[in-house]
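Got chain A; can you put chain B on it based on the hints?
2 protein chains.
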Amino acid sequence: MNYRMKIQYDGTRYKGWQRQGGVSGSDATIQGKMEAVLSRYVGKEIQIDGAGRTDAGVHAMEQIANVHVPENVSGTPEELKEYINEYLPEDIRVTAVERAGERFHSRLNAIGKRYEYHIMKATSENVFQRKYAWKVLGILNTEQMRIAADFLVGKHDFRSFCSKASKKKSTVRTIRSITFKETEQDLVICFEGDGFLYNMVRILVGTLVEVGLGKRQPEEMLEILERKERKYAGETAPAQGLFLAKVYYD
Amino acid sequence: MNYRMKIQYDGTRYKGWQRQGGVSGSDATIQGKMEAVLSRYVGKEIQIDGAGRTDAGVHAMEQIANVHVPENVSGTPEELKEYINEYLPEDIRVTAVERAGERFHSRLNAIGKRYEYHIMKATSENVFQRKYAWKVLGILNTEQMRIAADFLVGKHDFRSFCSKASKKKSTVRTIRSITFKETEQDLVICFEGDGFLYNMVRILVGTLVEVGLGKRQPEEMLEILERKERKYAGETAPAQGLFLAKVYYD
Chain A
1 MNYRMKIQYD GTRYKGWQRQ GGVSGSDATI QGKMEAVLSR YVGKEIQIDG AGRTDAGVHA
61 MEQIANVHVP ENVSGTPEEL KEYINEYLPE DIRVTAVERA GERFHSRLNA IGKRYEYHIM
121 KATSENVFQR KYAWKVLGIL NTEQMRIAAD FLVGKHDFRS FCSKASKKKS TVRTIRSITF
181 KETEQDLVIC FEGDGFLYNM VRILVGTLVE VGLGKRQPEE MLEILERKER KYAGETAPAQ
241 GLFLAKVYYD
Chain B
1 MNYRMKIQYD GTRYKGWQRQ GGVSGSDATI QGKMEAVLSR YVGKEIQIDG AGRTDAGVHA
61 MEQIANVHVP ENVSGTPEEL KEYINEYLPE DIRVTAVERA GERFHSRLNA IGKRYEYHIM
121 KATSENVFQR KYAWKVLGIL NTEQMRIAAD FLVGKHDFRS FCSKASKKKS TVRTIRSITF
181 KETEQDLVIC FEGDGFLYNM VRILVGTLVE VGLGKRQPEE MLEILERKER KYAGETAPAQ
241 GLFLAKVYYD
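Chains as they are written, first to last, in the working numbering: chain A, 1 to 250; chain B, 1 to 250.
Extracted from the complex, chain A is given alone in its bound form:
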């Protein structure tokens, strides 16, 4: 039986989603923690696949994963959810479990994702957001950031916005939208696209912030895309402001 799960986590303590050792090593990764609990439930080593391989320190409001549980292991989706949450640390929660078709694969079937990046403005203080936002020192011109973002929307080769890009694999992706939610206290930038390269959202944010601070012009985005080299883009924004917000399927 293939189960599809929604998972929420505070990534602060973790080395990201992806397990680094063998199955059930229960290392400091979300996947490792999930597999340790699931293996205990099933009685043998079991693997879980997640849609987004979030980096160390990155959070998820809604990660999607799937896991194949042997038929002889009984239990309703609700029972599975309760069992997992009982043994998971409190900074990882399974918020929903449902049966999925046998061929459903959380990552391979995903047709898009939404990431949100939270920036706390220099003029505001919020101790409750300190682990969940990047505090940018300096006044941001968000109008300039919006203009720059418009250059990035669409189908492009985002090689310049990728850490450790492979020479063989395609770095072409489509960003469907970049939207801004601004309050007096903070700025949230939402990215929707078919997929994102390693560190891509964080480099996009770092570059947009440099535009907001007046260090770059919005039009430079075109040049950065054309150069196809990481060094032309801006700094990688800190992991703690990034949230995997939604995974889309057909």
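Any given hint could turn out to be false.
[To be verified] Facing chain A, according to a computed beta carbon distance under 10 Å, are these residues of chain B, among others:
| no. | residue |
| --- | --- |
| 1 | 10 |
| 2 | 59 |
| 3 | 60 |
| 4 | 69 |
| 5 | 94 |
| 6 | 128 |
| 7 | 130 |
[What the hints assert, rightly or not] Below, simulated SDA-like cross-link-like pairs (lysine to any residue); rule was C-alpha separation at most 25 Å, straight line:
| no. | chain 1 | residue 1 | chain 2 | residue 2 |
| --- | --- | --- | --- | --- |
| 8 | B | 181 | A | 95 |
| 9 | A | 181 | A | 146 |
| 10 | B | 135 | A | 85 |
| 11 | B | 135 | B | 231 |
| 12 | A | 181 | B | 186 |
| 13 | A | 135 | B | 219 |
| 14 | B | 131 | A | 146 |
| 15 | B | 135 | A | 130 |
| 16 | B | 135 | A | 129 |
| 17 | A | 246 | B | 77 |
| 18 | A | 6 | B | 126 |
| 19 | B | 246 | A | 184 |
| 20 | B | 131 | A | 217 |
| 21 | A | 231 | A | 147 |
| 22 | B | 131 | A | 168 |
| 23 | A | 168 | A | 128 |
| 24 | B | 6 | A | 132 |
| 25 | A | 131 | B | 116 |
| 26 | A | 6 | B | 184 |
| 27 | A | 135 | B | 82 |
| 28 | B | 131 | A | 91 |
| 29 | A | 6 | B | 185 |
| 30 | A | 135 | B | 77 |
| 31 | A | 135 | B | 128 |
| 32 | A | 131 | B | 87 |
| 33 | B | 131 | A | 147 |
| 34 | A | 131 | B | 6 |
| 35 | A | 135 | B | 245 |
Keep in mind that the hints were calculated from the coordinates and are not lab data. Heads up, the beta-carbon is just placed ideally off N, CA and C, and yes, glycines get one too.
Chain B only, in chain A's frame:
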């Protein structure tokens, strides 16, 4: 020179606002941490007074404090703020500093306070709220809670809603309003009043939640008030859901 400050803190790690040892002991209290930094700034032991003596684990969105700094210590309010924030742990932030009249006292001059209590509904999961809300297991009838709350608004002897009430000191207080902010995920109860007794908001919340769960009737609030004994009220709600939100002055 008397300075008035706004302070925000995540109370999770602390034994409350009030210092437990001597001045500058820098114990695990907010006051202790503040005084350690201020004493370093001034070059001698210095005391800070806070408007609300929040309990262990209780948070503050806006605590007000005042501190008398010797005249020979120079610096603008902004410099003082920056200095303090540099040396404070990151879960305590001074969000504003301004000069106040010599006779201003943060606690004695306060004419009212607002506390907010955050409840996470049983049907919702939010890892990011896990330290900042009480997760109540069970479905809450908030309509019944509102009816009960209306019995509590006004000038009453709240002795039943106070831990360790003194026999000599008055336990009469005026609650100006109790309001509810409800979303699909959570319920926030806001209390405004001229002052609150030890554990009063948490006992009020614990009692209102018992009403919401159907364990008590709204009309029982009158009887609890009349009994004037702690044992007639409900359980004390956990500290982690409580926030000092605002202190009022003339």
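Of the numbered hints stated previously, which ones are contradicted by the structure, given in increasing order?
4, 13, 14, 17, 20, 22, 23, 33
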